[in-house]
Structure formats: C-alpha cells, structure tokens
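S.K.: Residue numbers (the numbering used here), protein chains in the order written: chain A, 1 to 345; chain B, 1 to 217.
Worth double-checking, as some hints may not be accurate.
[To be verified] Within a straight-line C-alpha distance of at most 27 Å, the following computed DSS-like cross-link-like pairs (lysine-lysine) qualify:
1) A:K94 to B:K30
2) A:K49 to B:K30
3) B:K214 to A:K42
4) A:K129 to B:K30
5) A:K49 to B:K140
6) A:K10 to B:K140
7) B:K214 to A:K49
8) A:K10 to B:K30
9) B:K140 to A:K320
10) A:K103 to B:K140
11) B:K214 to A:K10
12) A:K129 to B:K39
13) B:K39 to A:K177
14) A:K10 to B:K39
15) A:K94 to B:K39
Treat the hints as calculated values from the structure; they're not laboratory data.
Listed below are the residues making up each chain.
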Amino acid sequence: MSLTVRIRKKLSHFTLAADFSADDHFTCLLGASGSGKSMLLKCIAGLEKPDEGYIELNGKVLYDSEKKIDIRPQDRNVGYLFQNYALFPNMTVKENILVSRHKDRNLPEVKDRAAELISLLQLEGFEDKYPNRISGGQQQRTALARIMMSDPGILLLDEPFAALDANLREKLQMEMKDVLAEYGQQVIMVTHDRDEAYRMSDAAGVLKEGQLIVFKPTRELFANPETVTAAGMIGCKNIVPVQIQNENELSVPSWGIRMTMTKPVPLETTHIGIKAHHFGNNKDYIFPVYYCGGMEDTFEHIIRFRFQEQEAGSADVWWKLPYAQTPDKLPDEIGFDEKDILLLH
Amino acid sequence: MDWYPLWNSLRIAAISCVIVFFLGIFLAQKVARLPRALKGILDVILTLPLVLPPTVCGYFLLLIFGARRPLGRLLATYGVSFVMSWPGGVLASILVAFPLMYRTARGAFESYNKDLTSAGRTLGLSDLYIFWRIQMPACKQGILAGIVLAFARALGEYGATSMLIGYTPGRTATISTTVYQMWRTGNDVMAFRWVLVNVAISAVVLLTVNMLEKRNR
Chain A
1 MSLTVRIRKK LSHFTLAADF SADDHFTCLL GASGSGKSML LKCIAGLEKP
51 DEGYIELNGK VLYDSEKKID IRPQDRNVGY LFQNYALFPN MTVKENILVS
101 RHKDRNLPEV KDRAAELISL LQLEGFEDKY PNRISGGQQQ RTALARIMMS
151 DPGILLLDEP FAALDANLRE KLQMEMKDVL AEYGQQVIMV THDRDEAYRM
201 SDAAGVLKEG QLIVFKPTRE LFANPETVTA AGMIGCKNIV PVQIQNENEL
251 SVPSWGIRMT MTKPVPLETT HIGIKAHHFG NNKDYIFPVY YCGGMEDTFE
301 HIIRFRFQEQ EAGSADVWWK LPYAQTPDKL PDEIGFDEKD ILLLH
Chain B
1 MDWYPLWNSL RIAAISCVIV FFLGIFLAQK VARLPRALKG ILDVILTLPL
51 VLPPTVCGYF LLLIFGARRP LGRLLATYGV SFVMSWPGGV LASILVAFPL
101 MYRTARGAFE SYNKDLTSAG RTLGLSDLYI FWRIQMPACK QGILAGIVLA
151 FARALGEYGA TSMLIGYTPG RTATISTTVY QMWRTGNDVM AFRWVLVNVA
201 ISAVVLLTVN MLEKRNR
C-alpha cells in the first residue's frame, strides 16, 4: 500500500500544496478548520481537481497534470467516509451497504460479503432500518460497511468523529481502529483533534494554510513537532521565542530565564515549547515562580503561573497537574527537564 | 353535456406536465452548476413567463409560431400547426407552467446535500444512477411540489391558450376557455357545471399528493 501526492491547488485564501508519500497503515493529517485538509482528501478522491501535480495510488496514476491523466472518482477505487456519513436517506442500511454492487446484489458471494460486513460492524437487526432511524454510531458503521463493500484500495476519512459527542467518540475510535486494522487497507484520516490523531495513526502530518509542514511517524511528531504550528497543533500550551546565546546556551527573554543545555542547540531554533504536563519541582532547570490563577479540570488542575523575572505583557505559563500529584502547597520554584524542551522553528 | 373540454384539458395538462417535468429538472440541474453571473441571467429568462401576463406569453408564442411567421410556415409544410389546434394548448401550458417546475426543482437541488452525489461517485455509481436513484429521491418533496404546481397551472391555463388556440367546441375547447365562453354567452348553468368539474379535479390532485406524501413518510 502506498499513496503519493504532489499537488497544488489555488483556493480563495491560500494555495494548497501537499507533497508526501504515505505507506503506513494509518496516516493522519492534522489541521485547524480551513487549513485545506478536506480539500486535499477530495483531490485524492477525484471529487476536486488540483491545478497541477501528480497522485499515485498503489502503483496506479490517478492524476497527472502533465500527462493529462485525471481518472474519474468512479474508477479511482478510493473509499471516502464523509463527516456526515452521506448515507442515502431513501435506502435502508442493507441497501446502502449493497449500493456499490446493486447490479449483482443477488450473487451468493455478494450476499455473503454483505452479511459478513453487517456482522463485523454490529449492524445485525438494523438491516431494514432507514438511516434516520439509527444512532450516529450505527450510521457511521453503515457508511464504513458501504465503503468496504466497494473494496477500495484506500480509505479516506474526513473528520469522522467530529459530529459525535465526547463519550461516544472515544468508544467509536477504539472500535473503528480495530475494524480498520482487521480490514487491513491503507487509511488516510484528516482531523483537527490531536488526541484522535495520536490514538489512531501510525504516521501524521500537520497542514497549515494548505501547506504540509511536518510529516513523520505519529509518536515522533508528538515527541518532536519541529515547528511552532505543529507544536500548537499537538496541544503544546507554552510556546515562546528564544535566543541562542552560544551553541549550548538558550535564553527565553519573555520568561526572563536561561538554560545551559548538555547538547548543542540547532541554529534554526527560534522558539521552544514546554508541554503543560512537563513542569515540576524536581527537574533539570528550576526557577522561582509566582501563581496567578487556575481552573479545575476533570482529572487535573490547570495552574497559571509566571516566572519571577517574566516580562510584563507576556502570556501566563500553563501547568497541568493531576489531582493525585497535587501537593498541599504549590512549590515556590518549578521548572522542566532538558528532554522536555521542544526545539522549534 | 359534451365532455370534450375535460378530456382536452386533461390531455393538455398531462402532456405539458410530463414535458415540463423533464425540461424543468434538466435545466434546473444545469443552471444550478453554472457560475453565478450566468446563473442570474438564465434565471431571469427562465422565470420570466411566471411574472409576465399569460396574454403576453401568448403574444410571444404567436410571434414565433404564427401562420405567417418563418417557423410557423416551416412547420406548416410538415403539416404541424400550433395555432387554433389543441397541441398549441400544450405549448402554451408548457410555457407558463415551466417556471414553476424549474424554480421548485432548482430550490430542491440547491438545498440537496451534494456529499450524497460525491459519496455515490466514490462508490463507483454511474452519474445516471446517482441522479435518478439518489438525488431525485432526496429532492422528492420539492420535485413533487413542482409537478403539482405545474399540473395545476397547466390545467387552469387560460390567457396564453385563448390567444394561441382560441375556443372551438370539440377541437380546442378546454375547461377554462369553456367556463368563460359559457358565461359570456349567458349559459350560467353550464359555466357553473364546468367550474364544479374544475374544483373536483383540483381537489383530487391535492388529495393524491397528500396521500403520496404520507405514505412516503
């Protein structure tokens, strides 16, 4: 399984420019709303046409502006799961699932496959119901079964969990991950939800205004997002500009602190990021701080503090501290470890 | 009582309704995809017969199909005439009923969730299948409303019809022209009978639509 995308398309506010090759089972493209991620999927599926470029799936060229190749969506063998599932309202669950094989729906192997998918996706007993009579989760599974029935070479998921409430979302993420792993085909998902990306994908990229700025294995992306945008996208709350004093010494003017590192700092570094969970009082670098507010979250405190020498007007620093680890009195000095400093550009 | 006007009216309304149905959804589908400027212009042209007085529509039809006009003459050499004959009634009904079908169909197509079409395409379904088996059923309410409005309008058409085909008993008489003719000649009883016939047909049409809607829900 492999997908190669190298396209440009001018949109109203920016130009979509993606250049990547994905061969992992599950790839996720993270982006804020309006970053062009749905448009990218639509270009892969052939529902939108890029201005120029090249798209290849499993060795077959789907689009090549130079050779004037532009395969119809019908012939691309690409499965597309829409955010609202796009189930056909005038067809039952079973008719929806069978729609791609409507011409030979009575063949034994088609019937068997449909029954298999209905059972795999736990839709037994709902076959004859219409889409508006089943739950959101069942609608999603019906849409997935319908796509699997058409036996695509790749599955494109367009924010599949965005319309679901939080409780249901986690449950369905887990179920879908299992189903897709069993199905085995390559999957590309776009989302704005970093947790979703972390939970489900093997490789991940970040889209900013149509540009794919980072693309690497998911765990590595979260450990080292490389860029300021990607760091924000993976949920890093504290991102500040830095100055490199010499190759091992960094200063953070807005926080009024400096650190001496054991490893040389890459010269391109312009910012650092510290995740809100990475503060504590038993760390490599410790600084005096004072506290200025907070909020209780479901399982943790969200504490806002400032370094003693912090510049006026700069944003408070966020510290997330699980309830179980919260001391009676917050320490006067806290800091972070060298390994938790995200070096960004 | 001579039932010819009933038969003629139903025939004219039914034929024009079928033609208007296909023409309306075809053009609605085409126009909905056009760029905005062109859409605006075409929209005005295609809706014009709705706001023009029917007699003006009839005048335009006479300008085009009149016996002394080029097209009228050309058609006459093939033995076809839309003036003073019942097929002219079909033509007049098409012209005035078309905007109703077109507007309602376009409204329905514009509020249609285009993801359904996209989904159909990625599932390998042909454009024809998608249009007739997915888009049309999804737009059923609007299309049905359009058909009913067009049929009712065609059945009640008077202005353009009387301009183009006049009133000849047993040849071009429709219910609405008969009502006027009966009343004009002082035959109030017959006029009233035809009014009742018209009301009855309209009621049956509306009842049928209501029943269809309920069954589909």
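S.K.: Can you list which hints this structure breaks, lowest number first?
M.R.: 1, 3, 4, 5, 6, 7, 9, 11, 12, 13, 15
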